[in-house]
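**Q** Could you fit the two chains together into a complex? Lean on the hints.
Just so you know, the sequences run in chain order A and B.
Once you know that position 400 of the first sequence is 400 in our numbering, the rest is easy, because the numbers rise by one and skip nothing.
Once you know that position 21 of the second sequence is 21 in our numbering, the rest is easy, because the numbers rise by one and skip nothing.
For the record, the hints were derived by calculation from the structure and aren't laboratory data.
Treat each hint with caution, since some may be false.
To be verified - The calculated lysine to aspartate or glutamate pairs, modelled on DMTMM-like cross-linking and capped at a C-alpha distance of 20 Å, are: (1) B:K93 - A:D417; (2) B:K41 - A:D417; (3) A:K303 - B:D46; (4) B:K19 - A:D325; (5) A:K384 - B:D46.
Since the model is a prediction, treat every value here as computed from it, not as a measurement.
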Amino acid sequence: MKVYELGAVEIREKVVAGELKVREIVDQLLERIAEYDTEVGAFVTVDTEAARLRADELDALVAMGETTGKLLGVPVAIKDNICVQDGLTTCGSKMLGNFKPPYSARVVQRLLAEGAVIIGKTNLDEFAMGSSTENSALQQTRNPRNTGCVPGGSSGGSAAAVAAGFVPVALGSDTGGSIRQPASYCGVVGMKPTYGAVSRYGLVAFGSSLDQIGPFARNVEDAALVLEVISGPDAQDSTAATEKLKLSGNYPGDLQGMKIGLPTEYFDTEGLSSQVKEAVLAGTERLRKAGAELVEIHLPLIKYAVGTYYIIATAEASSNLSRFDGVHYGHRCEQPTDIIDMYSRSREEGFGAEVKRRIMLGNYVLSAGYYDAYYLRALKVRRKIADDFSRAFAEVDLIASPVAPTTAFKFGEKTADPLAMYLSDIYTISANLAGIPGISVPCGVDAEGLPVGLQLLTDNFKDDLLFKASAVLANVGIGVAF
Amino acid sequence: MSNITVEDVQKIALLSRLKLTEAEVEMFRGQLGDIIDYIEKLSEVDITGVEPFINAASEGNVFRNDVLRDEAGNISNEQATQNAPQKGDGFFKVPATIATN
Chain A
1 MKVYELGAVE IREKVVAGEL KVREIVDQLL ERIAEYDTEV GAFVTVDTEA ARLRADELDA
61 LVAMGETTGK LLGVPVAIKD NICVQDGLTT CGSKMLGNFK PPYSARVVQR LLAEGAVIIG
121 KTNLDEFAMG SSTENSALQQ TRNPRNTGCV PGGSSGGSAA AVAAGFVPVA LGSDTGGSIR
181 QPASYCGVVG MKPTYGAVSR YGLVAFGSSL DQIGPFARNV EDAALVLEVI SGPDAQDSTA
241 ATEKLKLSGN YPGDLQGMKI GLPTEYFDTE GLSSQVKEAV LAGTERLRKA GAELVEIHLP
301 LIKYAVGTYY IIATAEASSN LSRFDGVHYG HRCEQPTDII DMYSRSREEG FGAEVKRRIM
361 LGNYVLSAGY YDAYYLRALK VRRKIADDFS RAFAEVDLIA SPVAPTTAFK FGEKTADPLA
421 MYLSDIYTIS ANLAGIPGIS VPCGVDAEGL PVGLQLLTDN FKDDLLFKAS AVLANVGIGV
481 AF
Chain B
1 MSNITVEDVQ KIALLSRLKL TEAEVEMFRG QLGDIIDYIE KLSEVDITGV EPFINAASEG
61 NVFRNDVLRD EAGNISNEQA TQNAPQKGDG FFKVPATIAT N
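Bound-form chain B, shown alone (with noise of 0.2 Å):
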């Protein structure tokens, strides 16, 4: 049984920018450590000298010229904010990053 603790969960959804109630903390603790002793499995493995498989695309990495193609610029900047919770000028609004007194 792994030993998933209150604070491995908060720690986990401060990394994940989620702020869990603390129902939600207790039921991902209890279900986080199911799963991740079902997922302990895999340490019976013998996975020495195996290469890590990255992707299932056979043909290696694509490389382009870091241009501007015609389809990416056909989106507007009035296209690009539409869906935005808050704009202003043409630019995304968020809150202040750094504290002004």
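Next up, chain A with everything else stripped away, as it sits in the complex (with noise of 0.2 Å):
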């Protein structure tokens, strides 16, 4: 049995029915990682020991009639953001090179109690800063589907890993794409909840007005299971939703009665791939032969999407990541004469390019002076996002989109403009914006053979409603690479 190409339903099935045990799930995966991640670079933490001691004890469980777990022997990744107690957490910065968290993360705790085995941590740009892994201090990470392109980011790592088959699920982060963009150009379904769904407690901080974890797959209902699992209230994230999300989590591809908008603004964007646009069109024919009606509707302000988050997404992280001074936690210079200078130069010394970049532009636009300008106006300007949003969703059940202008571009490409970079964002930062949640789910291929992914939004809390319509298109997804 291939059990790499096994999905997360499939294997907890497996295991209940004592066909499988998590042991050998877990070895096989194990060893295709050894084969194939030296060429990926998916991981930058294998625990090689820790995953087959914890799939002995969850066989000793099953043996014991244990089966409730909702995971159950599930093998899962998760980016290297997100806290596993004393293992590495390094955010793919050299900041956090040796960092051990002294506490799991909420969603880690969760995975855990129903079941699952963590593989590994996988690599990201650095502190989730990025759009193509290209940014992590640690490692390059490849596209799997063709190991000449990016793979996406900044959760690259997860991406990359659920397509290679190394494992069915994954964990990432998403604050302007970073789950939806990798999951595209990987060809994986990747999936940010709405913002509250899923508790942020032991997710490193970037933008925390944005920032949101959820799951990679290779089909819809893994993706609904794991969300499942890791959404709900947490007294120690005072942003999580009081009420837990109601999921289905049986998405039979019937779309009587749904209403899909198609934005104008979204299909006349400058820079749109002409085959990313067919494919994505395409796609919302599926839609619509499996009974949604497709209407055209309009997003006045969503030109304004970028400007407006590279100024909020900045200013918070420039205020998140103050807490790497080299005190508590993390790199420290040598031979600091004062405090200033131990500041200075550990913060020089441990963050990369774009992080620096990041910090800059956010104390810019907060400084005296800039603040009712820059600042002040983009969180109005963020409102009005949000009631372009909320006007729609007053029409339409869904609005269907690309998730990118193009497939996965060559290492490089992008790297020396800044900007170019975070226009490749274009599509899925408003849904951060507005705090809505989205899907990124594969619906074809460009001429070489790279996956195009098609974006469907809806409103808040209605997250189930995105799985119910992309299971009509992940059903003809594409396997796992290699």
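**A** In structure tokens form, the structure reads like this:
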């Protein structure tokens, strides 16, 4: 049996039925990682011993009839900005090269409580800042569909690990598209839940009003299952919603009565590749054939989303990353002459260029004389963008669009021009600004065989609708690479 | 074209506690200038009477009593300082903040 082709739901069923030992699953996947991850570079840490030990423990429980875990025996990869107690959590940064958190993120606790096995931690753009995973200070991650291309980012390692069949499911974080864009580039399902649906406790903060943890999977049911496990209220995160998401978990693909809006502004964008546009429109046609009604809608403020985002996200980042000062954890420079010298040199040495750029921009837009002109104005434009979506969702159930203007690009193609890199997030960013959920589902490939993702967005806390509609597309999704 | 000077970059670097190299100052001057030009586009939007969007969480602020909760209390001093670059007697050690002669 090819364990690496199985999804999370199938794995659990086989473990419960006694057809597969958890140890066998874990061993097969570890073997596959050993064989192919030198080529892909998805993982920054693989804890072989801990995973085997955990598998044996779970097998012992199964032998005693303990089979209630919703993710029993399911191997999971975790983006390396999500804390797992006493294991390395580097954030892809030299700053946290040796950091071992004293506690696990709430999402990790919830995965373990339902019988999941953590296989390892995955690569990312440093502190989740980037769209290609090229900003990792640790290693390069290559797209399993074409190793000459980037996997997208910032959760590039998690997307690549799922696409390569190293794990059936993984966790990422999405601040401006960091789950959906790499999912699109690697040809897997990636979902950003409604803001607050999943606790951020134990996620290293980047933009606190935008960050959300979500699942990667090779099919919609698996993504929904993981979200069902990780979502829910949490006293340790005051922005977590007080009610748990309601997910049906069963998606037969009937979209009768569903109305899907196609925003003119999303399809007439300068820089949208014609092949991407074609694949996405073919995807919407499949949604129509499954019973949905397609209507044209307008989101007039959307052209301001990238600018608004890069003010708010950098302002929040400059504040959040002030904690990396060489005092409590992380890198400290040699022989500091005084405390200011220690802060300034530790940060200069520990952070990479993109992180510095965003801290600088954030402090600029927050500084005296510029606060009202940039930051406060951006918060008001953010309100207008959120209102645009509210108006749209009074008319339609879902919005369909591309995930990114192109398919996966080549290494180095955009690193010299930060603004060009920022513009590759043009379709995903507005969901984080409005707080609404979004999903990326494979809908086709371009002439070079690179995957194209279709994005669906919906109103707050209607996350289940995303799974319901995307099941129509993901059933013809792309399989495991290699 | 926004006019970001070397002095502007140095001032922001100081605020950011980043001891930039000269090459970085020059690189950021150009790149920050480009990005700021781009975000200037927001000045076209009419924001009269619009309330700022502070938090995507719809339920408003969450209050609690300022008491030690079990979960936070479970982290020992040893765990809390386990990642410290320099520590001693259960404290984080830093260079002197006030000069001694």
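**Q** Let me make sure I understand: some of the numbered hints might not hold for this structure. Which ones are they, in numerical order?
**A** Of the numbered hints, just 1 does not hold.
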